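Novice: Chains as they are written, first to last, in our numbering: chain A, 1 to 274; chain B, 1 to 195.
Think of the hints as simulated: they come from the structure by calculation, not from any bench.
It should be emphasised that the depicted structure is a prediction, and the values quoted were computed from it without experimental measurement.
Backbone N, C-alpha and C fix where the C-beta goes; we use that ideal spot for every residue, glycine too.
Wrong hints could be hidden among the right ones.
Said to hold, decoys possible - Here are some chain A residues the structure puts well away from chain B; computed CB gaps all over 10 Å:
#1 Arg172
#2 Asp220
#3 Val247
As the list claims (entries may be wrong) - With a straight-line cut-off of 25 Å between C-alpha atoms, the simulated PhoX-like cross-links for lysine-lysine are:
#4 B/Lys11 <-> A/Lys67
#5 B/Lys120 <-> B/Lys10
#6 B/Lys50 <-> A/Lys69
#7 B/Lys10 <-> A/Lys69
#8 A/Lys67 <-> B/Lys120
#9 B/Lys35 <-> A/Lys67
#10 B/Lys11 <-> A/Lys69
#11 A/Lys214 <-> A/Lys225
If you want the building blocks of each chain, they are given just below.
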Amino acid sequence: MNCQEALDLLYEFIDKETSDIDTQQIQAHLKKCGDCFQKYRLESSIQEFIHAKLADDKPAASLERLKSKVSARLDQVDREECGPKSGSPYRLAFITVAAAALLVLMIGGAGIITDFITHTSTYAPLEQAHLAQAHLAQAHLAQVENSSGTETEFAAESVISLMLEQNSYELRPNLGEFVLISGKTEEILGVEMNHLTYSSSNAIVSVFIVPADKFSIPDDLLDTKIVRGDLELFDHNCPACRLVFHVIGSIVVITATSDQSIELLDFIPGKLVA
Amino acid sequence: MTGGTTTDRKKRTAFEAEALPHMDALMRTAVRMAKNENDAEDIVQETYVKAYRFWDKFETGSNCRAWLFRIMTNIFINEYRSKSRSPVTVDVDDLDDSFLYGQLSSSGREDNPEKELLAKIIDGDVRKAIDELPDDFRMVVVLSFLEGFSYEEIAEIADLQLGTVKSRLHRGRRLLQKKLYDYAVSNGYIKDRPK
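Using the sequences plus the hints, can you model the full thing?
Specialist: Next comes the structure, spelled out in structure tokens:
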């Protein structure tokens, strides 16, 4: 192999794309030709250099944040797929349901339609808020485990005292295997809600707390009412996410989880104190 | 209601296990392709949504990383590539292959002339040089230099002929070297040696 032939294949050689025979011949040529060897060394060190500089590049935006954004988007896809089955996206389902509306109304029960409308207008935003938080919490837990740190607390303590002060509602920091790990306020359904996160080793339960005068129990749940002492429970059970609404004192407490193995009716995050 | 919950969850778990670990790589390539982090984040999100929707089309055991890059490159080409496509009449052809070598070795004092230059070039210069490459060149250069994809994988990912990949990489390299050299001269890292 002469210099020209070797140089013609130089980039492919550096990229490890040359055939075995070519590779051997180029290697042999580089051994005996100092000039070509210099060129080879220059090219390959530039290559390595650029790779190293670029590979070092850590995007400033935190990858964790991007991960929870992606997870929330995947949840959306999941929900579209588990929504009303007549067609996967809600829009299509809506058309189908709307078309059936007249017929159903004539028969006399508008239940299907209201179910559907309540699902998208009331339940979905709560589910979404829960799922977004659940992903963040999982990411955070993973981090905490890795760093063997103890920084599980965000504002859990302060939320406990706030709820006690404002609503005489005493939150339980531990509930069976669940621990209250974080709290924040968030606007959902146009109302400012306190959004708390309880976590066990493998599941997340969100708890939303909202003043009763700002939130009314969806009509379609009134049938599901269960009374336990000073507590009224309303149950919404959908495959994507389970929601239980508690009316107690002057607040509504909403618990949410996507883990169907948790009996959410028994998940009572707090009690009224005198 | 929907019998599919368990299957859906299985699908999600499998997808997350296979696809999510590639997010770092997708993101750093997206930043170089789109040249800004906001667009890059959007591109990565779109990539995952699309991949998830088409997950049943992905063959288990095949190269998930290349598959994700293919989806991403497609999104970039269709939705983000500069509308005013830069004319591909890039004047690289007047540069001979060993332009940089010629420039550096004519200084004559160093046995290892690239060392001096590379030691002075900073990260920002490299990023700037890459960002200034025309979209079509930048794509293949990033896929090769940064992600180490083979020519064949790049051809598959960017939907190009193998020969096109080779020639774009070749020309992309020469352009990059020229740019890095120009920065080095204009920043006073080295003195220009007229040919």
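Novice: Of the hints given before, which are not true for this structure?
Specialist: Result: hints 5, 8 break, sorted rising.
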